[in-house]
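Enquirer: The lines below spell out each chain.
2 protein chains.
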Amino acid sequence: MRWDQVTVVGVGLIGGSVGMAARARRVAGRVVGVGRDHRTLARAVELGAIDAATTDLADGVKDADLVVVCTPVDRIAETVLAAAARCRPGTIFTDAGSTKGNVVEGVGGKLPAGVHFVPAHPIAGSEKAGVEHATADLFDGRVTVVTEMYGGVAPDARARVEGFWRALGSRVVYMMSPGDHDRALAVTSHLPHAVAAALADIVPPDWLTVAGPGFRDATRIAAGDPGLWAAIFLANRVPVLSAVNAFRDKLAEFYQLLDAGDGAGLVAWLAEAKRGRDALGR
Amino acid sequence: MRWDQVTVVGVGLIGGSVGMAARARRVAGRVVGVGRDHRTLARAVELGAIDAATTDLADGVKDADLVVVCTPVDRIAETVLAAAARCRPGTIFTDAGSTKGNVVEGVGGKLPAGVHFVPAHPIAGSEKAGVEHATADLFDGRVTVVTEMYGGVAPDARARVEGFWRALGSRVVYMMSPGDHDRALAVTSHLPHAVAAALADIVPPDWLTVAGPGFRDATRIAAGDPGLWAAIFLANRVPVLSAVNAFRDKLAEFYQLLDAGDGAGLVAWLAEAKRGRDALGR
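Protein chains in written order, with the numbering used here: chain L, 266 to 547; chain R, 266 to 547.
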């Protein structure tokens, strides 16, 4: 057993899946879930996501070896700091936030001595929110990005956290800069969400009959939780605005080629995009 | 057996799948494939997509009861007219084009007496082109739109063609106006393709490591064949340009809300899109 007690704070889709994966893969002797809603926590125990539950953060983290903060991105830093004040020296923290700059800014330089935080982002998820949709294999074959903290992360804490995310089935990619992470995710995750939402929103309901599998794929992520996503956009505001601008410029090229009836230009434009997409695989 | 001989003109992903489905479901006594490339046709026979093949259009359609034209959209009308001049009286034509206005314009009023054309669009496909990717169940559970011709379609011809597409597994939706079809598909299919291509194209290769399942879904269609798609865009130019404009306006709302840091506004904007997407199902 690699960790005696893992505490998951925020037992939704991601936190619930962390708990299920840690239990199924025997990564933790015991998984404790901390949340705000008694009913959700009871359901998480029922579903096998956690062994025990509490609504008291201090109580939930006091015996933890590893604390995984899975709250919405706008509450991660404050949760880490509140929990860090109530845990044993030597406790290691990680998180699962889709943005890293705001978390690192919020936590950096404010941790008690002997408590370590290693920022992480498992790039996995679903348009379905809540522990009801959690699965033990959510991280299987996915990438988890681990970033640096301002002031550095203790190498052994980082190694242990990377081992944790690997043990849950993911491949760990180390990106030194939280800013690099956020700029990359603005383009690969946050922008596509805004684009899918805009697409889904301009289709009149009576045209949905003729929406085929391509439209379903292209807009699936638009079913994600509005509150969680608004928090992500706000936490990564400037990189997302830049990504929207780059995307607009690219789409304007398409508009001009089509407006001009330039067939050869359209083929070249589409072929370049296809090369990019083909590099990614199915 | 509903048809003695069905001839498929253009034996790629769609034509090959029409042949496979018609054979597997015993809709046709014999499926003849017409194409331009001997090797592709031989492969189509090998794969069981067609019973026999020819590169001679007249030869392929002379004994057909039903001709299904599955060429790229810019060649459908000319192919229908060329074949109609060489077939028996009473032969029925349909097509599988993603655009209908250009086909109806091209064919309308030019058919020999006794030959019927019923425009159709099976909304099924894949980002993979070619008969190698054809499957007998491509149309299963999908929608096929059947539209009117200028001057009308003989009711019994329409009934038989609708029966054909149903027999292949699809649900038939009748839209009187080819223009309505094209405006709806501009938004539900053509615009999403351009958007997916623009997304795929602005991601630098070294960021693809952090592209998760959401990005894959949102950009999958961008791997489609550039030539086929350029032809579709050009055939549906004005409705696609309008769809791009509507989409740009919707994305501009997002940009303004995020730029202003308007959290409540972002949640409302995302919630409206989520309602649209939820109405569609997975």
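These aren't lab readings, by the way, just hints derived from the structure by calculation. Certain hints may be false.
It does not matter which identical chain is used: a pair holds within one copy or between any two.
Said to hold, decoys possible - Below 30 Å or equal to it, Euclidean Cα-Cα: the simulated DSS-like pairs (lysine-lysine) are: (1) Lys539 with Lys327; (2) Lys393 with Lys539; (3) Lys327 with Lys375; (4) Lys515 with Lys327; (5) Lys515 with Lys539; (6) Lys539 with Lys375; (7) Lys393 with Lys375.
Enquirer: Each hint needs a verdict: does it hold in this structure or not?
Expert: The hints, checked one at a time:
1. Lys539 with Lys327: neither (52 Å within a copy, 39 Å between copies)
2. Lys393 with Lys539: both (29 Å within a copy, 11 Å between copies)
3. Lys327 with Lys375: Within one copy, since 19 Å is at most 30 Å while 83 Å is not.
4. Lys515 with Lys327: neither (51 Å within a copy, 48 Å between copies)
5. Lys515 with Lys539: both (14 Å within a copy, 25 Å between copies)
6. Lys539 with Lys375: neither (46 Å within a copy, 38 Å between copies)
7. Lys393 with Lys375: For Lys393 and Lys375, neither the intra-copy (34 Å) nor the inter-copy (52 Å) Cα distance is at most 30 Å.
Going down the numbered hints, you'll see the structure goes against 1, 4, 6 and 7, while the others check out.
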